[in-house]
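**Student:** Here's the letter readout for the chains.
Number of protein chains: 2
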Amino acid sequence: MDLPHGTSALIVTNDTVGPLYGAAVAEALGKRYPVVHTVTLPDGEEFKGWETLQRIFDALLAHGCDRKAVLFALGGGVIGDMTGFAAATYMRGVPFVQIPTTLLAQVDSSVGGKTAINHPLGKNMVGAFYQPRLVVCDLATLDTLSAREMSAGLAEVIKYGPIADMEFMDWLDASMDALRARDRAALAHAVRRSCEIKAWVVGQDEREGGLRAILNFGHTFGHAIEAGMGYGVWLHGEGVGAGMVMAAELSRRLGLVDDAFVQRLVALIERAGLPTKGPVIDASDNAGRYLELMRIDKKSEAGEIRFVLIDGPGKAVVRAAPDALVREVIDACCA
Amino acid sequence: MDLPHGTSALIVTNDTVGPLYGAAVAEALGKRYPVVHTVTLPDGEEFKGWETLQRIFDALLAHGCDRKAVLFALGGGVIGDMTGFAAATYMRGVPFVQIPTTLLAQVDSSVGGKTAINHPLGKNMVGAFYQPRLVVCDLATLDTLSAREMSAGLAEVIKYGPIADMEFMDWLDASMDALRARDRAALAHAVRRSCEIKAWVVGQDEREGGLRAILNFGHTFGHAIEAGMGYGVWLHGEGVGAGMVMAAELSRRLGLVDDAFVQRLVALIERAGLPTKGPVIDASDNAGRYLELMRIDKKSEAGEIRFVLIDGPGKAVVRAAPDALVREVIDACCA
Ligand SMILES: NC(=O)c1ccc[n+]([C@@H]2O[C@H](COP(=O)([O-])OP(=O)(O)OC[C@H]3O[C@@H](n4cnc5c(N)ncnc54)[C@H](O)[C@@H]3O)[C@@H](O)[C@H]2O)c1
Ligand SMILES: NC(=O)c1ccc[n+]([C@@H]2O[C@H](COP(=O)([O-])OP(=O)(O)OC[C@H]3O[C@@H](n4cnc5c(N)ncnc54)[C@H](O)[C@@H]3O)[C@@H](O)[C@H]2O)c1
Ligand SMILES: [Zn+2]
Ligand SMILES: [Zn+2]
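In order, the protein sequence lines correspond to chains P and L. Using UniProt numbering, the first residue of the first sequence is number 1, and each one after it goes up by one. Using UniProt numbering, the first residue of the second sequence is number 1, and each one after it goes up by one.
Quick caveat, the hints were computed from the structure, so don't treat them as lab data. Note that this is a predicted model, so its numbers are computed, not measured. Any given hint could turn out to be false.
Intra- or inter-copy, both count: the list cannot distinguish identical chains.
[Unchecked claim] Computed list of lysine to aspartate or glutamate pairs in EDC-like fashion (alpha-carbon distance at most 20 Å, straight line): (1) Lys68 to Asp297; (2) Lys277 to Asp331; (3) Lys277 to Asp143; (4) Lys277 to Asp138; (5) Lys48 to Asp58; (6) Lys123 to Asp58; (7) Lys123 to Glu51; (8) Lys123 to Asp66; (9) Lys68 to Glu304; (10) Lys68 to Asp2; (11) Lys68 to Asp205; (12) Lys31 to Glu46.
With the rest of the complex left out, here is chain P:
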C-alpha cells in the first residue's frame, strides 16, 4: 500500500461511517502524516451538493492545508464522489485516496475517476474526471452495511457478468448465498473481478465516448424508476436490478439473447435480494411515463434513447429500439 506523500491528511467522512471507522483510519494515517484532520459531513444523497462540498474547502483552509495535503474519502459513493471533486479542485488539484465502505463504492464508484456533486436541476451535473492515487477496500467494513445496501451493491456486481464475463456470471450463480452472508473470500473475488472489468472498460474509454456506456446496463430503465418514484424511494441498485431485467427482456425481443438467458439473469437478481419487476410509476400510461423519463435522461441524444443491450451472453451493445417494443417490455416487466 503506497500512500501519497503529503504534509497533512484530511479524512472526509459522514456521521454514519465516521463513528464506525473514523478513529481507526485516523490512527493508521497518524503513523504516516504529521497531521491528520477529519471533517464529518451529514449522511445522504441530498447533501451531495455545493454547500456540503464547501465544508471540505472550509476545513482545508481553516487547517492551513496547501497543495501537499492528501484527502481520504471514507464512506460510500456519495462521500467518494464529493471528496474526489474537492481534491480535483482544491488549489487546482491535490492527491486523494478512496476508502470505499459500501459494496457499490468498492465495485463501482471508486473506480474510473468520475467525481461529481449534484445540482438542484440534475444529478452529478458538476464534476471532474480525476483519479484517486489509491483505492483501499477493507471488506470488513461491509459487515456493518444494511442488507438493503448490500443488495443494491450486488446489482452493480451482477451487471459485469452479462456485459463482459459469463464465467463471472457462473461464479455469481454459485456464490450468491456466500456473498449475501458476507463471506470474506467470496467478497474478495467479487470486488476484485468487478474492479478488473470496470478498469478494463474505462481504460479503453476514460472520457465516455463509446465503450464506457456499457457499464450502464440496466441503468436507462433504472434511472427512470429512480426519478419516477422520487429520488431515494428506490435505491439506485434496486432500480438497476429491475432495469437489467427490462434491458435483458428487450434484448430477447430483439432476438439478441434467448429466454433461458433472461430467466437465469432474473433468478440471480432475485437471489441477490433485488426487485425483478419495475414499479408502476404512472397508473394511466405507465409505459409512456417510462419513455418520457428515459428521453430526458442525459444519455439520450436528440430524443433518441440509447439502450445497453445484451448481444449474446457476455457481450453488450448500445443501440436504439422501436418505441412499440419498449412499451411491450415495460408492460411485461412492471407490477
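Since the structure of chain P is provided, determine the placement of chain L with the ligands on it from the hints.
**Tutor:** Same frame as chain P, but now just chain L with the ligands:
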C-alpha cells in the same frame, strides 16, 4: 478562427461588458450555433465565488444544455476564470472559448489554462487546469477600458521583458506612449509577444512545479500590497508595478543586476501610469507587516519566502533572500 463544434453556445459576461459587446458577439455566434444564450453576471472580483458560478450552471441546465454546449467568456480575468472553471466542471467538461476584453486578460489570464473561483478564506482556492479551445483577442474592445485598468494590464506586459526578453523591453521603452494611446499596431505586438512568452513558459511547466513561477515577478510584494491595503484598494496590476520595483531592487542588492537596470525598469513602470513605490501599510512596522503578509502567501513554503528575482537582464531566478535585506528594500521602496 476555428470555433469548437457544438449544438448551442452560452455567452458568459457581466453587466459592464455585456451591454458594450454582448449583442455583437451573440450575432456573430448566431451564424455558427443553432442556439445562443447569454448569462449576465454582476461585475466585480467580489462576485468571483460559488454563488455566481452557480448562475452559469443554472443557465446551462435551464436551457437544457448537454455536453455539446460551448461556453464563451466575454470579459476580463474575472469572467474568464469563472467561465473556464464552469466549463471544466459542467458535466465533467465542455469546450470553452476566451474572448478577453481587458489588457490583463489578453496578455495574461486567458493564456495558460488556470481557472478558479475565490473562497471566503483565500483567492483562487478552488479551480482547475483547463485549456480554452480558442482565445479571441479583439483589440478594439480595449478602447472602452478605463486608463487605470489599462495601466494595470501594462504591468503584466512589462514583466515579460525583465524575466525573459530584453528586446521586448527595448520595444516597450520605445512604444509605451503608443500603447497608452491604444494604438492598434502597438497593442497587437504587445499582446502577441506577451502571449508567446507566457505560452513558452507554461508549455514547459503547465502544472507550476518550477519555471512557471517566474511569471510571478513582482507578485510576491504585489500580493502583500493588495492584501495589506484590503483587496480592491490597489488594483492587482498596480501592486505588481510597485512589486516589480521592489523585486528589482532586491536583485540589485544581491548583486544580480546593476543600478542602471533598476532605474530603467522604474522609468518604464512610471511611464505606464503605475506606482513605483509601495504604500506604507503599517505605520509602526511596515517592513515587518510586508514580511508577515508575504509569508502567508501561498507561494511561500514552510515559512520561507521565495522571490522571483532578475538574474541579469532578461533572466529570472526563484530564490530566498535574507530578511534583513528584504527589510532594507521595503524601507527604501515604500512611501
Ligand atoms: N463515480 C462513479 O463512477 C459512480 C458510480 C456509481 C455511483 N456513484 C454515486 O455513488 C453514490 C451512491 O453510492 P452508495 O450506494 O455507496 O451510497 P452512499 O454513499 O449514500 O452509502 C449508502 C448508505 O450506507 C452508509 N454506509 C456506508 N458505508 C457503510 C458501512 N460500512 N456500514 C454502515 N453504513 C454504511 C452511508 O452512510 C449511507 O447511509 C451516488 O451518489 C452515485 O451517484 C458514482
Ligand atoms: N487565470 C490566470 O492565469 C490569471 C492570471 C492573472 C489574473 N487572473 C485573474 O484575473 C482577474 C483580474 O482580471 P482583470 O484585471 O481583467 O479584472 P476584471 O475582469 O475585474 O476587469 C476589470 C474591470 O474592467 C471591466 N471591463 C472589462 N472589459 C472591459 C472593456 N472592454 N471595456 C470597459 N470595461 C471593461 C470589468 O467589467 C471590470 O470592471 C482576477 O480575478 C485574477 O485572479 C487570472
Ligand atoms: Zn450504477
Ligand atoms: Zn498578475
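**Student:** Cα distance capped at 20 Å. Does Lys68 pair with Glu304 within a copy, between copies, both, or neither?
**Tutor:** Only across copies: Lys68 and Glu304 sit 16 Å apart there, 46 Å inside one copy, limit 20 Å.
**Student:** Pop the pair Lys68 and Asp2 into one bin, within, between, both or neither, using alpha-carbon distances up to 20 Å.
**Tutor:** within (16 Å within a copy, 39 Å between copies)
**Student:** If the cut is 20 Å between Cα atoms, do Lys123 and Asp66 qualify within a copy, between copies, both or neither?
**Tutor:** Close across copies (13 Å), not inside one copy (30 Å); limit 20 Å.
**Student:** Have a look at Lys68 and Asp205 and pick one of within, between, both or neither, based on CA distance no larger than 20 Å.
**Tutor:** between (30 Å within a copy, 18 Å between copies)
**Student:** Between copies, within a copy, both or neither: which fits Lys68 and Asp297 at Cα up to 20 Å?
**Tutor:** between (39 Å within a copy, 15 Å between copies)
**Student:** At most 20 Å between alpha carbons: which applies to Lys123 and Glu51, within, between, both or neither?
**Tutor:** Both, since 15 Å and 18 Å are each at most 20 Å.
**Student:** Should Lys277 paired with Asp143 be assigned to within, between, both, or neither, using CA atoms and 20 Å as the limit?
**Tutor:** Close neither inside one copy (28 Å) nor across copies (66 Å); limit 20 Å.
**Student:** Up to 20 Å between alpha-carbons, please classify Lys277 paired with Asp138: within, between, both or neither.
**Tutor:** The answer is neither: 33 Å in one copy and 60 Å across copies each exceed 20 Å.
**Student:** Can you tell me if Lys48 and Asp58 fall within 20 Å by alpha carbon in one copy, between copies, both or neither?
**Tutor:** both (16 Å within a copy, 17 Å between copies)
**Student:** Measure nothing new, just compare the shortest in-copy and cross-copy C-alpha distances for Lys277 and Asp331 to 20 Å and report within, between, both or neither.
**Tutor:** Answer is within: at 10 Å inside a copy they meet the 20 Å cutoff, but 79 Å across does not.
**Student:** When no copy is named, should Lys123 and Asp58 be tagged within, between, both, or neither for a Cα gap of at most 20 Å?
**Tutor:** between (23 Å within a copy, 13 Å between copies)
**Student:** Measure nothing new, just compare the shortest in-copy and cross-copy C-alpha distances for Lys31 and Glu46 to 20 Å and report within, between, both or neither.
**Tutor:** neither (34 Å within a copy, 41 Å between copies)
In summary, the numbered hints that this structure violates are 3, 4, 12.
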